[in-house]
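Engineer: Dock chain B against chain A, hints included.
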Amino acid sequence: MDMNAYLSMFIDESNDHLQSLNENLLRLESEPEDLSIVQVIFRSAHTLKGMSATMGFEDLASLTHEMENVLDLVRNEKLKMDNFIFDTLFKGLDALESMVQDIIGGGTGRADVSAIVALLQSIFKGEYKNESASAASAASADGSSGSEGILDEFQSSVLLQSIEAGHSVFHTVVTIREDCMLKAARAYMVFDFLERSGEVVKSQPSVQDIEQEKFERSFTVFTISSINQEELKNGIESVSEIESAVVTQLDSESLFQLGGRPTGASSPAGTQSAASAAPAPAAAASSDAKAAKAQTAAASAAPSGQGGSAALSRTIRVDIERLDALMNLFSELLIDRVRLEQLASEIRRTELSETVEHMSRVSGDLQNIVLKLRMVPVESVFNRFPRMVRDLAKSLDKKIDLVITGAETELDRTVIDEIGDPLVHLLRNSLDHGVEPIPDRIAAGKEETGTVHLRAFHSGNHVFIEIEDDGRGINKEKVTQIAIKNGVITADEATRLTDNEINMLIFAAGFSTADKISDISGRGVGLDVVKTKISSLGGHVTVESVEGKGSKFSIQLPLTLSIISAMLVKLGTEKYAIPLSSIVETGMVRREHIRKIHGNLMMEFRGSVIPIVSLSQVLQSPSYSEADEAETEIVVIRKGEKLVAVMVDEFISQSDIVLKSLGKYLTNIETISGATILGDGQVALIIDPNALIK
Amino acid sequence: MGEEMKVIVFGLADEEYGIEVDKVRTIERMLPITRVPKTPAFIKGVINLRGVVLPVIDLRGRFGLSESEPTENSRIIIVAANDLEVGFIVDAANDVIDIDSDNIDSPPEVVGGIKAKYLRGVAKIGDNRLLIMLNLSEVLNKNEIIQLEQLEG
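These protein sequences, in sequence, are chains A and B.
Per the working numbering, residue 6 is the first one in the first sequence, and the count goes up by one each step.
Per the working numbering, residue 165 is the first one in the second sequence, and the count goes up by one each step.
Once the Cα atoms are required to be at most 27 Å apart in a straight line, the calculated DSS-like pairs of lysine-lysine come out as:
#	chain 1	residue 1	chain 2	residue 2
1	B	Lys288	B	Lys187
2	A	Lys669	B	Lys187
3	A	Lys644	B	Lys202
4	A	Lys451	A	Lys399
5	A	Lys647	B	Lys202
6	B	Lys202	A	Lys699
7	B	Lys202	A	Lys538
8	A	Lys404	A	Lys554
9	B	Lys202	A	Lys669
10	B	Lys202	A	Lys580
11	A	Lys554	A	Lys451
12	B	Lys202	A	Lys575
Covered stretches of chain B, as calculated for chain A (at least 3 residues, CB under 8 Å):
#	segment
13	198-206
14	217-224
15	240-249
Below, a sample of chain B positions facing chain A; criterion: calculated Cβ distance under 8 Å:
#	residue
16	Val210
17	Ile211
18	Asn212
Just so you know, the hints here were simulated from the structure itself, not pulled from any lab data.
For every residue, glycine included, the Cβ atom is placed at its ideal position computed from N, Cα and C.
Isolated chain A, as found in the complex (with noise of 0.2 Å):
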């Protein structure tokens, strides 16, 4: 079988368990006593194994298959959660991941993870901390109540005295090929030979089962056998078209808790199953004597396994690559269609005109559909932070609740694969700088804990990200001597900056708090990095803060990246065109209504003074100044509260324009933030509104 095919199935499932894996973890973390996050963990490990062994990824399959022997043990709450078992499990998923990565690269997914294993397995055997070995077996006598056992009293009185009676009993899965064609003569052959070197005591699914094919890949059996187990294993194998077969030797610990009904005073109370006892080291294995379990597992599972496949089945995967193969088309289509109405108005037929006008109808519809299906929840990059914010607080000892909100907002693709970065640097700020270690926050008055906040939400036409925390604030004396020091401004200028100009200092290139470059940042790279990343983006950041109470990081993106609506204006003969979503309004100002205040040009708007800038002077245009015109065309501006007017020349139209990049030769410049195609082939170019307020 080609598994090439399902490889990116198998690659984009196997993301999302980890996914999903990684949540529940931590989500059991905060709430250790709910089993029922357990069971979700459970069978997402389950599901993520099954899925490993078929595409003969082992040390996936095997280490996902110790991982799960743990979480088997805590969801029959034989094994209560403590911080060393989240800390090897999460080690566990790191590894699936590293793995995982692996495959996407090309990879054969292995890796030496025997460290991890042995970790997992003294969990598995109690051995790792002697107090928690008590408290399973504690543990222990409810928990095999609650479990249903394979082998009915009898026979597990059958097993246990041939045990006693010291006669060797095996607890053996066989697995067959996935390409079988007659899976029952095969289990027949495997019958056959274990009759002949012992009795079968049971089987599951049963014999008749079994022989009608009323069974998956995979059955166990329980015999009590003449030959030793290495005999066994590879006389089943013999047979052909066997994938593996995992025998345990089973002892009366082992029987009970593999299935084996509590049995009055003979009930042994041991947190050991038979997995443990299990010979190979189980890097080998694909699917082990686990399956007995697995497959009541799978069983539970089915039913809402059918519910989310009919959830599924409503959606479809589409790769991004074609999806951006249509934003292009339909960019080129946008041009057109603005061309379109271009010489519809000047050749005035009315047929035309009204083909034209239903085209541009039927194409903003398309549009708006496009676009959707480029927008994608930024959940996709949050869910990572949780897990980051875990790890970081435990590097540098202090106690910090990651709460977010607004994750369901949606984002476009092409936005959010930039913005992780950013964040993550941020967000490691706020950690590292912001939230103070526990006894100064005690010594603070505040809780030990700190908090900080990953809020996103819409606005209008943009997304707003906060990352906001409890911590100890920008320290402005600080912050102003360091800019000084590192010569960002001059001494003089830093007694005319206000305090949200110093907040923003901290933006500005070469500029570090941190007194010693720790682990977590100050690797030489400052927040001027996020900055021109989220420039870049089209966005900006800004920051506030309040000595000791904390900082707020408020980072405003564009809602796409791809097709704006946008004002497109005249400076003689060249145009250009402003975004939209930062126009106020429009309208004109006579020259005598334009004031100079301390050398800067005034307005009045609507009641208040707002500054005045010539674009032309800003974009040093050689084919207009509006110094000879006595009334001016005016696009009042807005970033945040300021208001700004800016003068251009003449207005053309509003339009929706398709954003191009200026290229990688020409990067970071001021005031324009990109161009776009007018329907005339002409190319304009974007002005950037945020750089027009100062």
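Structural biologist: What follows is chain B alone, placed relative to chain A:
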């Protein structure tokens, strides 16, 4: 014998220059150029090349030669190197020739100073023809541009 390579030959201020053919995307006639403010003078602006916005550099300006008005023969050579795609305005582009890499000498001492960096060497073709081979990655080096600006400014 060294390696044979195909070279696009173009003229610039009475001299002939060469760029390896695999670095050249297309050669276009002059197109409308949109000025981009706040860029060095030799960056003429951006063009729309079949839906892609590309910056255009006046190679005369880049080499510190006197700039001239475009003529009938002026061409925009679209080159791609170091992940960058840029158009060069040249006086004329009319030849593709094969040269032997053995025939490329390092630039003569006379061509000293900052310009030497842009040159990969000088190729002799035929009896009396010299071709100046461009070092594209240096010509497109943006850090260098800043330096040059400071020198000029």
